[in-house]
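According to UniProt numbering, the sequence shown is numbered sequentially starting from 1.
Treat the hints loosely; a few may be bogus.
Said to hold, decoys possible - Below, computed lysine-lysine pairings styled on BS3-like, alpha-carbon distance capped at 30 Å:
id	residue 1	residue 2
1	Lys111	Lys292
2	Lys272	Lys622
3	Lys528	Lys438
4	Lys538	Lys199
5	Lys221	Lys55
6	Lys292	Lys324
7	Lys272	Lys502
8	Lys272	Lys213
9	Lys66	Lys193
10	Lys229	Lys111
11	Lys249	Lys635
12	Lys135	Lys189
13	Lys111	Lys196
14	Lys352	Lys622
15	Lys55	Lys65
16	Lys502	Lys543
17	Lys272	Lys290
18	Lys193	Lys373
19	Lys377	Lys342
As the list claims (entries may be wrong) - Per label pair, the in silico range of CB-to-CB distance:
id	residue 1	residue 2	range
20	Thr312	Gly121	17 to 23 Å
21	Gly60	Ser625	29 to 35 Å
22	Thr116	Thr323	28 to 34 Å
23	Gln285	Tyr200	55 to 61 Å
24	Pro419	Thr323	52 to 58 Å
25	Thr116	Asn634	47 to 53 Å
26	Pro360	Leu72	54 to 60 Å
27	Gly121	Asn320	27 to 33 Å
28	Gln520	Glu259	47 to 53 Å
29	Glu592	Thr323	48 to 54 Å
These are computed hints drawn from the structure, not numbers from a lab. Built from N, CA and C at the ideal position, the CB exists for glycine as well.
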Amino acid sequence: MLASRIFQSIHWCSRYLKSSFTYSPTQVTDKVSYNIYFFIRLFMANNRYCVDLAKRGTAGCKECKKKIDKGLVRIAKIIPNPFSEGANDMKQWFHVQCIFEKLSRARATTKKIESTDDLEGWDELDEEYHPEVLKCLAEFSSNSTTKKTPTKKSPGNSKAEESNIKEEPPISDDEIAEVEDNSFQRFRKICTKLGKHPKYTDKTAILEGFFSKGSDGEKFKGNLYLWVKMLLPAVEKRVYNLQTTQIIKIFSRIFHVSEEEIVDDLQEGVGKGDVSETVKIFFEQSNSVKPKEESTLYLQDVDRYLEELSKTGQEVEQTNILTKVAKKCTASDLKYFVRFIKHDLRINAGPKHILEAIHPSAYEAFQASRDLKDIVKRCSNLGKKGISQKELAVKANLMTPVLPMLVAHFKDYIPKAFPFGNDLILDCEILLVDNDGKPLPFGTLGAHKKTAFKDATVCLFVFDCLQFNDENLMQKPLIERRKILEENMKPIKNHIIFSELKEIDSRKKFQAIVKSVIDQGLEGLVIKSKDGVYEPGKRHWLKLKKDYLKDARGKGMADSADLVVLGGYYGTGRKGGFMSVFLMGCYNPRTEKWCTVTKVPGGDDDTLKSLQKSLKMIKISKDPSLVPDWLNINKALIPDFVSEDPKDLFEASKEKSELIGLRTGASSDDDDGEDGSKDNIYKSSLSGSSSSGESLKKKATEHEKTVTKKMKPSQDSSKSAKSKHDIKKEESEDISPPPKKEKN
Numbered sequence: 001m002l003a004s005r006i007f008q009s010i011h012w013c014s015r016y017l018k019s020s021f022t023y024s025p026t027q028v029t030d031k032v033s034y035n036i037y038f039f040i041r042l043f044m045a046n047n048r049y050c051v052d053l054a055k056r057g058t059a060g061c062k063e064c065k066k067k068i069d070k071g072l073v074r075i076a077k078i079i080p081n082p083f084s085e086g087a088n089d090m091k092q093w094f095h096v097q098c099i100f101e102k103l104s105r106a107r108a109t110t111k112k113i114e115s116t117d118d119l120e121g122w123d124e125l126d127e128e129y130h131p132e133v134l135k136c137l138a139e140f141s142s143n144s145t146t147k148k149t150p151t152k153k154s155p156g157n158s159k160a161e162e163s164n165i166k167e168e169p170p171i172s173d174d175e176i177a178e179v180e181d182n183s184f185q186r187f188r189k190i191c192t193k194l195g196k197h198p199k200y201t202d203k204t205a206i207l208e209g210f211f212s213k214g215s216d217g218e219k220f221k222g223n224l225y226l227w228v229k230m231l232l233p234a235v236e237k238r239v240y241n242l243q244t245t246q247i248i249k250i251f252s253r254i255f256h257v258s259e260e261e262i263v264d265d266l267q268e269g270v271g272k273g274d275v276s277e278t279v280k281i282f283f284e285q286s287n288s289v290k291p292k293e294e295s296t297l298y299l300q301d302v303d304r305y306l307e308e309l310s311k312t313g314q315e316v317e318q319t320n321i322l323t324k325v326a327k328k329c330t331a332s333d334l335k336y337f338v339r340f341i342k343h344d345l346r347i348n349a350g351p352k353h354i355l356e357a358i359h360p361s362a363y364e365a366f367q368a369s370r371d372l373k374d375i376v377k378r379c380s381n382l383g384k385k386g387i388s389q390k391e392l393a394v395k396a397n398l399m400t401p402v403l404p405m406l407v408a409h410f411k412d413y414i415p416k417a418f419p420f421g422n423d424l425i426l427d428c429e430i431l432l433v434d435n436d437g438k439p440l441p442f443g444t445l446g447a448h449k450k451t452a453f454k455d456a457t458v459c460l461f462v463f464d465c466l467q468f469n470d471e472n473l474m475q476k477p478l479i480e481r482r483k484i485l486e487e488n489m490k491p492i493k494n495h496i497i498f499s500e501l502k503e504i505d506s507r508k509k510f511q512a513i514v515k516s517v518i519d520q521g522l523e524g525l526v527i528k529s530k531d532g533v534y535e536p537g538k539r540h541w542l543k544l545k546k547d548y549l550k551d552a553r554g555k556g557m558a559d560s561a562d563l564v565v566l567g568g569y570y571g572t573g574r575k576g577g578f579m580s581v582f583l584m585g586c587y588n589p590r591t592e593k594w595c596t597v598t599k600v601p602g603g604d605d606d607t608l609k610s611l612q613k614s615l616k617m618i619k620i621s622k623d624p625s626l627v628p629d630w631l632n633i634n635k636a637l638i639p640d641f642v643s644e645d646p647k648d649l650f651e652a653s654k655e656k657s658e659l660i661g662l663r664t665g666a667s668s669d670d671d672d673g674e675d676g677s678k679d680n681i682y683k684s685s686l687s688g689s690s691s692s693g694e695s696l697k698k699k700a701t702e703h704e705k706t707v708t709k710k711m712k713p714s715q716d717s718s719k720s721a722k723s724k725h726d727i728k729k730e731e732s733e734d735i736s737p738p739p740k741k742e743k744n
């Protein structure tokens, strides 16, 4: 009775303190009250544990009383601080083996370390230190004698009665909002685990296990649709109007640091091209807005903040929202929030790997309908009925675009083109055509390009019909689908027309069609089987472009160009922190300047690594005042680096040129023509002087806004170029420019 009264008193006291002081020691003014508060907090607290490396080697192990040497893995038990009202929690440090020995003697009710999920800081610990902890954890788990208390069965229920129990009603989103399976911390841990496993089968297995057993190992209690939606930020893509530059600008204001400082870290610091990692680093160092020590966010909270952010484009409002979010986040929470804004969680997993974790046919069904919520709902219903392996119906839904719909131009024409159609799903393509119905070059649909073709019209080229008047046609052969389409569609000139379709029954006819396509400047052909059915997401067709073809002499028919690396851009993501995209161009003898042509991504990791040293570049950090006079470039294309002297790159070997894309699409046996035009290009392009590179280097170093001298040919530089050319020729006969052909 006395024990019951004491417990009741403590219970009411704890409720009073919780309402009066909101569990904050700084608000407890009376010393006695604080002592009671501390007792209750200690009594009610769940043990927390963290892991990291010993920093100075001064902390002692609470079990063996020996010092924990610097650099060793250590685990701390986190407890409330009994000495100060305003201080943070205390950490009692242990050797890894020592803490598990201590826990093996603890009471059954004591919170123990059951998995790495119970260790704060585990995700940040280098993998080389994981085995020591995992080994001790495995031994501790195998030796543990803790057993769960079995649930008592009601004596009145027989097996017959159990079989008649009705299925429980579905749990609403509000009821499952604040559960462990919906916590943002759990979401982050799953994402970290997915990012560490390169195999897609492993990623699917990780999610499948979590979606079936949840965080407690028994049952998943979270919101499945919200999980899938958040794991695929690029599918239901919100628009936040925030690129990397704007993100840096806003967070520099929130953290009270300079933009240049954040940019430097992004390019060359720990972030290495990952703006989310850079934001996390500066958040941890911030004095203006401090990160929370423990994550309290749920997926619903994050989703609500993202929705709020997507509804504004004003910088002031964006800053206010991100400031509010930062105040509720840990450093890792904010890192992943920024990744949501960038639509990239860096887990290297797409819809196929995520959706197959909830059902084997989910991805195939998603390809047909693109309705994520409907797919998850149908998969959940199958699971409840105990037939989760049953094949999911693959169907297309009306009013749900298979890919984003861009046919607003045709709302007046489609009813006229299909007078007998009540509902239909088409496979088609939008192109810009001139007044004669001839397709214009690819890319002319852009806002800036359309101004150059004011008289052009947007035209819908219809390939196929997948559904017509409630009839699903996807399982019918192509020849039947085309017949239904032709019987029910009335073409409208320059607005809605049939794509050209021809049946090929001979090699000669096929060659004539290919020649006609190339002569018209079209992209190519798509070859289909006339008996083929339509399967979403699968490609049984053959695309034929002139890039893949060779002429009668066995030479490539694709256009080719010899270009030079004029500059480089920092990469992003895994390739952040070094040049991975290169600005290509050629020399214009008339203006005596180098002109930009295109951007080319680099090769594999080894190639990119070698190019960082072999290419002589000068860093200008996209500063327009540091662009050299020899380069004619649009302001939007100004790179992070420019070549020290472009003419030197013409002396690079053919092997290097192919590695970095100098010879884009060129064949090794291309015909140079009778006048040796390629050789002339090399000669005219070698007219630059190396003095321009030295001038630019001086200019970039001193940050003086002076104008560099134009590149002029000099006798010394031509001799230098010639000598270098001769040396390389001795090393390999393939590296020199193709020789001139003699005229007959």
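Cross-check of the supplied hints:
Taking the CA atoms of Lys111 and Lys292, the gap is near 23 Å; set against the 30 Å cutoff, the hint holds. At roughly 17 Å between alpha-carbon atoms, Lys272 and Lys622 fall within 30 Å of each other, so this suggested pair holds. About 23 Å separates the Cα atoms of Lys528 and Lys438, which keeps this hinted pair within 30 Å; it holds. Proximity of Lys538 to Lys199 is assessed by CA-CA distance (about 22 Å); at most 30 Å being required, the pair is judged to hold.
For the given pair, Lys221 sits about 39 Å from Lys55 by alpha-carbon distance, which is inconsistent with the 30 Å threshold. Between Lys292 and Lys324, the direct Cα distance comes to roughly 12 Å. Compliance with the 30 Å bound is thereby established for this hinted pair. Restraint check: the Cα-Cα separation between Lys272 and Lys502 comes to about 52 Å, which exceeds 30 Å; the hinted pair is violated. A C-alpha spacing of about 36 Å is found between Lys272 and Lys213, which places the hinted pair above 30 Å, so the restraint is violated.
At roughly 34 Å between alpha-carbon atoms, Lys66 and Lys193 are farther apart than 30 Å, so this suggested pair is violated. Restraint check: the Cα-Cα separation between Lys229 and Lys111 comes to about 33 Å, which exceeds 30 Å; the hinted pair is violated. The hinted pair formed by Lys249 and Lys635 meets the criterion: a straight-line CA distance of about 20 Å does not exceed 30 Å. Distance hint between Lys135 and Lys189 is fulfilled; the C-alpha atoms sit about 20 Å from each other, no more than 30 Å.
Note on Lys111 and Lys196: the hinted pairing holds, with a Cα-Cα distance of about 28 Å set against a maximum of 30 Å. The suggested pairing of Lys352 with Lys622 is violated, with an alpha-carbon distance near 38 Å, which exceeds 30 Å. Only pairs whose Cα atoms come within 30 Å are accepted, and Lys55 paired with Lys65 is accepted, the gap being roughly 18 Å. The hinted pair formed by Lys502 and Lys543 meets the criterion: a straight-line CA distance of about 15 Å does not exceed 30 Å.
At most 30 Å may separate the alpha-carbon atoms for a hinted pair to count; Lys272 and Lys290 meet this at roughly 23 Å. At most 30 Å may separate the alpha-carbon atoms for a hinted pair to count; Lys193 and Lys373 meet this at roughly 25 Å. Annotation: proposed proximity of Lys377 to Lys342 holds, straight-line Cα distance about 27 Å (limit 30 Å). At about 35 Å, the beta-carbon gap between Thr312 and Gly121 misses the expected band of 17 to 23 Å.
Gly60 and Ser625 have their C-beta atoms about 58 Å apart, which leaves the hinted 29 to 35 Å range violated. Hint check: Thr116 to Thr323, Cβ distance near 33 Å, so the stated range 28 to 34 Å holds. Between Gln285 and Tyr200 the Cβ separation comes to about 36 Å, which falls outside the hinted range of 55 to 61 Å. Between Pro419 and Thr323 the CB atoms are about 56 Å apart, so this pair conforms to the stated range of 52 to 58 Å.
A hinted range of 47 to 53 Å holds for the C-beta pair Thr116 and Asn634, which are about 51 Å apart. Pro360 and Leu72 have their C-beta atoms about 46 Å apart, which leaves the hinted 54 to 60 Å range violated. Remark: the range hint 27 to 33 Å for Gly121 to Asn320 is upheld by a beta-carbon distance near 31 Å. Checked against the given bound of 47 to 53 Å, the beta carbons of Gln520 and Glu259, roughly 50 Å apart, stay inside it.
A C-beta distance of roughly 52 Å is found between Glu592 and Thr323, which places it inside the suggested range of 48 to 54 Å.
In this structure, the hints that do not hold are numbers 5, 7, 8, 9, 10, 14, 20, 21, 23, 26, in rising order.
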